[in-house]
Amino acid sequence: MSRLEWQVATVEAVLPETPRVKTFVLRLPHWQPHRAGQHYTLRLTAPDGYQAQRSYSIASPPEQTGQIALTIELIEEGEVSGYLFEGVQAGDQLEVRGPIGGYFVWEATRQAGPLLLVAGGSGVVPLMAMLRHRQQASVPNPTVLLYSVRTPEDVIYGQELQAMAATDSTFTLLLTFTRQAPTGWTGYQRRLDAALLTEVLRRFPTSPQCFICGPNGLVEAAATGLAAQGVPPENIRTERFGPSSNP
Amino acid sequence: MQNSFFNRGFQRKRPASQHVLPPGQYETQDFPVLSAGPTPRIGTTKWSFGLDGLVTNPQQWSWTEFNALPQQDFTVDIHCVTQWSKFGTQWRGVSLDALLALAGPTPEARYVMAHCYGGYTTNLPLADLTGGKAFIGLEYDGKPLAADHGGPARLVVPHLYFWKSAKWVQRLELLAEDAPGFWERAGYSMYGDPWKEQRYLDDDEDLAAGTR
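Quick mapping for you: the protein sequence lines, in order, are chains P and S.
Under our numbering, the first residue of the first sequence carries the number 1, and numbering increases by one thereafter.
Under our numbering, the first residue of the second sequence carries the number 1001, and numbering increases by one thereafter.
To be clear, the hints were calculated from the coordinates, so they are not data collected in a lab.
All the given hints hold, so there is nothing to weed out.
Coverage of chain P stretches by chain S, computed from C-beta distances (three or more under 8 Å per stretch; other residues unrestricted):
hint	stretch
1	49-58
2	93-102
3	217-231
Here are the simulated distance ranges between beta carbons:
hint	chain 1	residue 1	chain 2	residue 2	range
4	P	Thr183	S	Thr1064	55 to 61 Å
5	P	Pro33	S	His1019	37 to 43 Å
6	P	Pro152	S	Phe1005	39 to 45 Å
7	S	Thr1045	P	Glu77	40 to 46 Å
8	S	Lys1143	P	Pro16	40 to 46 Å
9	P	Gln162	S	Gly1132	55 to 61 Å
Don't be surprised by glycine CBs; every beta carbon is placed ideally from N, CA and C.
The whole structure should be built from the sequences, with the hints applied where relevant.
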């Protein structure tokens, strides 16, 4: 079987993450190790033969063998995400193809320097694969996740990230709430700007490798801001989604 | 290739496109931005564009010189490997036929590597840039091309997946042999025909035929 053949995966679990986000854990008959940051393409076929496909980032680390976790946001009028949210439960089957992507990837053994991950909304998903891979590999590289969300209920993987930050002194979680912060919140409460990025960069002994994923506006602001602070452009890798690039 | 697998209860929800879509694509009305790194901002006073490699008269134009070349309007359909297609996009720019005529490809020239500000590269057969199939886009929708869409100037080759339409293009190098560019080295198709759904290296015909 060729590397990128379609295969029929079985849904092992559907886990609610936020009111608009669910994780689908899929068991693959032809699983192979992916690189953290890669994605799979998922294809739905109607009984009349109509097909729709979309790409979704892998949330699970390559150490989780035999299965992949895809964390998916429900998009307004989303043809594929709408079906997955309404119609799919454990035991169902889904066609997927992957893993895909060779640039927005982080490998613990090859890139062990300081790491800055910047996420907006569901852009945290491929970065979570990197953090889980880093945890599994026990790499002590200084790592920060700067994660921009609208409200507390939009935080995906909140408990796991808090636990990771509490048990790993080399990992820092920085949340920023752009619409509404939790009661008593003393951290960031604004969109990413130059001052915020400067503060975050100061936490690193040397210029970090940066991965930025989220809506185009956030990615553009973060990438431009980090480059303006002197991070070499080749150390800034981005993955963007717009209003219509992943319905 | 088709199998009998289907997803129970799944049906078309988006209105059917008025256009014929390549396999696996859906129609969008907006223009999503996809780039692998920060957006390079190239001032037009520093900008230049050139044609070199296997040509008899290597060319290099400043922004002023390039804009003085004959421009044409192009209305084209574009197809992104991330599954969106956009129909009837309107551009203004300079045809590659005109540029290649000035440079004069040598008989050995068969492939092109596009080199871009910011370091991006992508490879195409030379034949896909001739015969009215490609242009350097300077305006989109009646306005100067925005930086995040590849401005000030972008290669546009609409019959191939849109990553071949290199943003921030700086130089086209004519070559005798094909060599992978940025996404091609990361596992994407060497050619990228949307109608044959050549998204990834595994989808390329010569690989499927086992000749490489």
